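Take the given structure of chain A and dock chain B to it, following the hints.
Going down the list, the protein sequences come from chains A and B.
First residue of the first sequence: 126, per our numbering; consecutive thereafter.
First residue of the second sequence: 126, per our numbering; consecutive thereafter.
Note that these hints are calculated values from the structure, not bench results.
No experiment lies behind these values; they were computed from the predicted model shown.
A portion of the hints provided could be inaccurate.
Note that identical chains are pooled: a pair holds if it fits in a single copy or bridges any two copies.
[Claimed, not checked] Simulated crosslink set (SDA-like; lysine to any residue; CA at most 25 Å straight-line):
1. K322 with G184
2. K256 with G281
3. K256 with E279
4. K256 with T144
5. K155 with Q208
6. K256 with L165
7. K127 with H366
8. K357 with Q232
Residue strings, one per chain:
Number of protein chains: 2
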Amino acid sequence: MKAYKGFLIDLDGTMYRGTERIIEAVDFVKKLNENNIPYLFVTNNSSKTKKQVADVLAGFDIPASSEHVYTTSMATANYIAEQKQNATVYCIGEDGIKEALQEQGLQLVEENPDFVVIGIDRSITYEKLAKACLAVRNGATFISTNGDIALPTERGLLPGNGSLTSVITVSTQTEPTFIGKPESIIMEMALETLGTKKEETLMVGDNYQTDILAGIRAGIDTLLVHTGVTTKKHLEEIEVHPTYTVNGLDEWEIK
Amino acid sequence: MKAYKGFLIDLDGTMYRGTERIIEAVDFVKKLNENNIPYLFVTNNSSKTKKQVADVLAGFDIPASSEHVYTTSMATANYIAEQKQNATVYCIGEDGIKEALQEQGLQLVEENPDFVVIGIDRSITYEKLAKACLAVRNGATFISTNGDIALPTERGLLPGNGSLTSVITVSTQTEPTFIGKPESIIMEMALETLGTKKEETLMVGDNYQTDILAGIRAGIDTLLVHTGVTTKKHLEEIEVHPTYTVNGLDEWEIK
Numbered sequence: 126m127k128a129y130k131g132f133l134i135d136l137d138g139t140m141y142r143g144t145e146r147i148i149e150a151v152d153f154v155k156k157l158n159e160n161n162i163p164y165l166f167v168t169n170n171s172s173k174t175k176k177q178v179a180d181v182l183a184g185f186d187i188p189a190s191s192e193h194v195y196t197t198s199m200a201t202a203n204y205i206a207e208q209k210q211n212a213t214v215y216c217i218g219e220d221g222i223k224e225a226l227q228e229q230g231l232q233l234v235e236e237n238p239d240f241v242v243i244g245i246d247r248s249i250t251y252e253k254l255a256k257a258c259l260a261v262r263n264g265a266t267f268i269s270t271n272g273d274i275a276l277p278t279e280r281g282l283l284p285g286n287g288s289l290t291s292v293i294t295v296s297t298q299t300e301p302t303f304i305g306k307p308e309s310i311i312m313e314m315a316l317e318t319l320g321t322k323k324e325e326t327l328m329v330g331d332n333y334q335t336d337i338l339a340g341i342r343a344g345i346d347t348l349l350v351h352t353g354v355t356t357k358k359h360l361e362e363i364e365v366h367p368t369y370t371v372n373g374l375d376e377w378e379i380k
Numbered sequence: 126m127k128a129y130k131g132f133l134i135d136l137d138g139t140m141y142r143g144t145e146r147i148i149e150a151v152d153f154v155k156k157l158n159e160n161n162i163p164y165l166f167v168t169n170n171s172s173k174t175k176k177q178v179a180d181v182l183a184g185f186d187i188p189a190s191s192e193h194v195y196t197t198s199m200a201t202a203n204y205i206a207e208q209k210q211n212a213t214v215y216c217i218g219e220d221g222i223k224e225a226l227q228e229q230g231l232q233l234v235e236e237n238p239d240f241v242v243i244g245i246d247r248s249i250t251y252e253k254l255a256k257a258c259l260a261v262r263n264g265a266t267f268i269s270t271n272g273d274i275a276l277p278t279e280r281g282l283l284p285g286n287g288s289l290t291s292v293i294t295v296s297t298q299t300e301p302t303f304i305g306k307p308e309s310i311i312m313e314m315a316l317e318t319l320g321t322k323k324e325e326t327l328m329v330g331d332n333y334q335t336d337i338l339a340g341i342r343a344g345i346d347t348l349l350v351h352t353g354v355t356t357k358k359h360l361e362e363i364e365v366h367p368t369y370t371v372n373g374l375d376e377w378e379i380k
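Same shape as in the complex, but just chain A:
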């Protein structure tokens, strides 16, 4: 085990399971905090603001403030700002993505945008989708915060942003740029905020298909923890393995 200088950490399945805290994960973050090792929670949740995510973490007794949160909405806004300053954006989504875009000085417009952005929107309407399709057909750059196909809830698996995104993809026959895990874009953007180099940073998560692949694609070492989605059996069928695998984060020694 290498002594990493910075940690990117997933949330659901890694720090908690739904409403249940994962105690050894909380202890893991407390140790990082005590040792002054920088960490950033990286989430594909585009609907919550960073403050809302930090509040959820605080509720689990995890040492986290807004500065420890990096959402795919923030990555999306950073990505667009790097592409074009003062860009105009037509945005489908909830609080998190709208706040992030505005914090980057991007202007939300209803017509003739430079970019069309879609994040999960549980108030989706046909008119919103129609405006997005017209704008993409008119040449706007098409961005999706994340490709998650389903959203785990108490009712079961509900449509995720990847499935809402497909309305625009299918109708306009235009593929979006996805920002969230497993894409490397969110990793690159998060690293800029964390301030550590790739080779001294570890990506920690429970989901091979999102967390670990994102790390692999970005060239960052990865730690898979079996407290969530990906089981040991899943790993048997996989070609490129995580750098490290543990049953619980108490098995990881922080140096």
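Here is chain B on its own, set in the frame of chain A:
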């Protein structure tokens, strides 16, 4: 040219272009009518009831009543009734599909349906999509009235039912059965209503990708008319050609 005993005829691009009547097409149908040759207008429009479609046709001076209209909603309802009598259906869609399902004695329910049906719904909500996804994951048979990706309007190309359908397809990773053109299902169902045999029936339409392919797949002779979508240049790239091609329906002699 063979003397066909029955005609299946497309609407937009074949009988009219948006709000503009195609005069030679109107004359063509008048001649069929005078010669007592049965005909049925076959449309992928799932939102209108057959009465509403007939009213549009009457407005163009085309001899048509509800009995001359066969919508993909009617085909969908027939198809389901053939699969299971008294089936329960969770339906996303507008007036046309709901009326058609109820006319077949199918019961519209909100939970635990045997079938999930989606047709174009310009009042789509996340909750409607969520219910559909939960039902499909729970084993309901997934049916889509048609796969049209875009809807031509004065504002431009808006999302078609094929693109709304993709939310459920992508989220549940389950492919629907599509009923409308270019599928053969709507052709088979329409033939039952028209009452003529495949070999004595002609499918007439302007769109190779929907009308003509539907005829070809169902084993029905086809007549492509160049008054709408498919140009002569398009046909150069195509492997299986329509049985006949004309510039206008005045070129077709009714015997």
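Here is what the structure says about each hint:
Proximity of K322 and G184 under a CA criterion of 25 Å is satisfied in neither setting, with 31 Å inside one chain copy and 70 Å between copies. In this assembly of identical chains, K256 and G281 lie within 25 Å of each other by CA distance solely across copies; the values are 10 Å between and 30 Å within a copy. Taking the shortest Cα distances, K256 and E279 sit within 25 Å of each other only across copies (13 Å), while inside one copy they are farther apart (32 Å). In this homomeric assembly, K256 and T144 come within 25 Å of each other (Cα to Cα) only across copies, at 23 Å, whereas the closest approach inside a single copy is 36 Å.
Proximity of K155 and Q208 under a CA criterion of 25 Å is satisfied in neither setting, with 37 Å inside one chain copy and 59 Å between copies. Proximity of K256 and L165 under a CA criterion of 25 Å is satisfied in neither setting, with 35 Å inside one chain copy and 35 Å between copies. When the C-alpha separation of K127 and H366 is checked against a cutoff of 25 Å, the pair qualifies only within one copy, where the shortest distance is 17 Å, while the shortest distance between copies is 65 Å. In this homomeric assembly, K357 and Q232 never come within 25 Å of each other (Cα to Cα): the closest approach is 46 Å inside a single copy and 45 Å across copies.
Checked against the numbered hints above, the structure violates hints 1, 5, 6, 8; every other hint is satisfied.
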